[in-house]
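Q: Now that you have both chains on their own, put them together as the hints suggest.
Just so you know, the sequences run in chain order V and Y. Once you know that position 162 of the first sequence is 162 in the numbering used here, the rest is easy, because the numbers rise by one and skip nothing. Once you know that position 80 of the second sequence is 80 in the numbering used here, the rest is easy, because the numbers rise by one and skip nothing.
If you are wondering where the hints come from, they were derived from the structure by calculation, not from laboratory data.
Heads up, simulated DSS-like pairs for lysine-lysine below, C-alpha to C-alpha not over 30 Å straight-line:
1. LYS269/V x LYS117/Y
2. LYS48/V x LYS136/V
3. LYS132/Y x LYS381/V
4. LYS397/V x LYS155/Y
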Amino acid sequence: MKSFSPARFLSSVAIVCATMFHFGSASAGEVKVGKDDKGHFILLRDGKPYFIRGAGGSSHLLLLKEHGGNSIRTWGIETLEQQVDGKWLIDRCAELGITVAAGIYVGHERHGFNYSDPAQIKRQRETVRAAVRKYKDHPALLVWGLGNEMEGPTSDGRDPRIWKELNELAAIVKAEDPAHPVMTVIAGAAPTKVKGILEHYPNLDILGVNSYAGAGGAAAAVKAAGWKKPFVLAEFGPSGHWEVPKTKWGAPIEPSSRDKAAAYFSTQKTMIEDAADISLGSYCFVWGQKQETTSTWYGMFLKTGEKLPQVDAMCRAWTDQWPANRCPRVTRFESELKEAVIAPGQLCTVRAEATDPDGDDLKWEWTVTAESTDLKVGGDKEAEPPSFPDAIVSAEKNQAVIRTPAKPGNYRVFAIVRDGKGGASAENFCFRVEAR
Amino acid sequence: MKHTLLLPLIIAIFTSLSAQAQQLDFGDRTSATIAGKAWGALNSKNYPDAVAYAQECVKMYEKQAVEMQNGLKEPVTGDKEAVAKMWALNDVGTCLFIMGQALEKQNKGTEALAAYKQLVEKIPFAQCWDPKGWFWKPAEGAKTRMKALEFDSLK
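In isolation and in its complexed conformation, chain Y is listed as follows (with noise of 0.2 Å):
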């Protein structure tokens, strides 16, 4: 009974995202190019898009990122090269991060907790570059977003 319902929504879901994203423009479909097409939609209000881009980097690169993340015991360190070296890993969790931010700003609490959690449980040694010069996790930006959307429903 369940499943007749989720189904229609499901397919209503990956159907307009799949049409919006064909509408998209990913250069040249690198993970970085998709990234900074992500962050840029985000940067600009333009949430709907940065969920689709952040999807489609999400989509074409998980798998490398996942068989990153698996070869590494701890998170890479060092000079901007070597971290740089794990692209996939980076790209697709500074993503994820990117579609839980794009996907609070649109109210959707709950979606937004799934690509978190799939962040923090599944590449949490992801980086990203701040200008300000150094590294940052988006995994535990995702943790700290996780603990203040449980705290957004606490009656």
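The following block holds chain V by itself, in its conformation from the complex (with noise of 0.2 Å):
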């Protein structure tokens, strides 16, 4: 039993505190699964029809509004509480009229947790209760995101123990909530995922599937594996650093950024035309900037902030318009270092094109920098590798000259151009250093 704390007393008042001043009087609006009349699955908030047109993500959300999203996923519960414009995400979020995809985070085996024990099964269904009754009433949320890939992203889905315990977790936060769905989110369309939620867990309301390459057939693979209930395509973008062409040691070949733009649109249109009768939306990934694989693979933005072709090509599919400033396009990204295996302190030539749509002049960077060495999986955080300033011998607008580090190892070249209104583009290639 615990001891009465007088500093954890006050700070529970005045967490409640906080979260009636934040939430205001404002009732949520309550969420529900219908069908339209054609028979296809649509969710109704406050009784009218919802389309998610979504990102996954916390920043950049007057942008998200500005180029048509109406909705943002999150992973764990501490996100909503993040500061955004001097306010919770949450509260920014419902200022803006977007809603939120509340994640809670359910435990992954691969971090520790185990599904054969009481204690810590009894742990997660008490946060998970705290969770829901905390937030249960904000009106920018739309679904509870109970989990993402805790079946494991290289696992095939066969243990019943996880998709069993998903089952008790919806419960509970049906039981705190009934006015919102519960979705879960598993990592591919692998029919036998499927087939272990069918069979063990049915409070679930809204499957949700991340997915990269094969994107746009991933609802027609969840019905094919005999789903019959609403689906969100909740991660997608880019084909995936496991999915692609790799060098000749084994790095992964980044797709240009015209290929990530069109991958972005043609995902989000093949899911609408093809998925129309589960289909409730889908969120892109990701509205920010993360290293994964490299600082630019996932990411709709530069760490700097500008944007990236991915974002005009969301807002392209969600309102057949095209934002009022566009990123440049690349259209020539080459050099004799591309994929190539070269001696220590050789100098190479880079050249790269490329052209803006709206007549904005743009300014080049380059960079070189080590292959990432600290890989996860999942998506897990890595640590960014280092950067070699002293590689750019010279650079001239759209060209650069390289010397190659003397130190032997695998590396990558990045070129970003910019417009100066906030919009960019980045290419990349690799490179491998041996001694001869």
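A: Okay, here's the thing in structure tokens:
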């Protein structure tokens, strides 16, 4: 039994008061799963049809709104209180008319959670219940995102313990908050996972799937596996680093900025056309920047804040219009260094070309970095590899001369072009230095 | 007038592909062997050969593939053997997808679009085994690529 602590008591009172202040008097809109006159599943928010035009992330919210998005997805409940423009994230979303698929973290065995340990399971149930009690009345809440890839990205989903426990957790969520559906997100649309959920997790309202190269067919795949309830494409983007061709030394080759933009557009359009019967919408990944294999693979923004062409592609897919300012379009990115094995200290030229749809002046930035070695799975946090400013011998407009690093190893050259108005494009290629 | 311009182009492409096809080794000429060689050429970035292998498979087995497609009301489900019985449908569908991919890599967007369109319209129930443990549908990949090509051509 815990002893009474005045500090803890005051802290709890403060949280309750802060919560009341943050939520104000507005009541949460009731969200239900319904069907339209064609028999297609739809979300009904306050009784009105609501199609998710979403993005995973918690930054650049105003830009999301301006580009036609209407919802964000988070992964952990603590993110809702992240400070954004001087407010809690969830309050800022409410202010902008953006809804939130509020993620509640559910334990991953690769992070040490044991689904056979009653004590851990009990603690997790209490945490989930507390999260739901705290936010269930918030007007920005759309659905509960109960768990993300907790079965493991490389798992076949045959272990029933996780699905059975999710079923218990979903029952807790529904008991606490019958006004918001429960979504659980799995990695990929493997039939064994869908079958496991069908057998052991009947309390689930919406199946979310994270999918990359195969994202356009993810809804069809879950249907083929027997899923007959609503579906959300919960993460999608360019082909994943595990899905692309590799260099001779095993470095994954990042898709070009044009290929990435096209992938976002085509996935969104294909999903709408092919899965209208079960699809409630989607969340593109990631509305922000993150280091995962490289600093530009999955992020739809640069670390310095500029949007990338993927953002324009989603605007076009969501609204059938281009945004007021568009990103530059890279049309050429070439060098004898590209995917080459080369000796230390060699001078090589890299050339790039880009056009800007708005006629803006373009500025180039060149960087050489080490190939990332801090590689994780399932999107776990990775450290940025070091960069080598001395490797850029000269850089003039769209051309740079690079001296290959003295230390043998694997590297990447990044070219970033900016329009000076918040738009950019990023490309990279790999090379390997070997002493001869 | 248009025909007089187009005819030499078609003859030139056909002659070039035929000459290339004559130099390739089609093994036992089964659809599975040719499709395997087309994948191999695509993976090793030998795009002209990937197109030539895929075209040969389509030329030899398209009729049977379409017959199999027309005998189905929905894609075959069940075990691997049941799906594998639709061998011509699956291999020709896979080859059309490979052809589209290889043509895209050669910046031949219009031709790639034609290959994808043929796949989506004529043999949408083709399936291809993913070594990870399930079948995927080349026509679904083709639809996504068609949208991507459409996006890339937007001004």
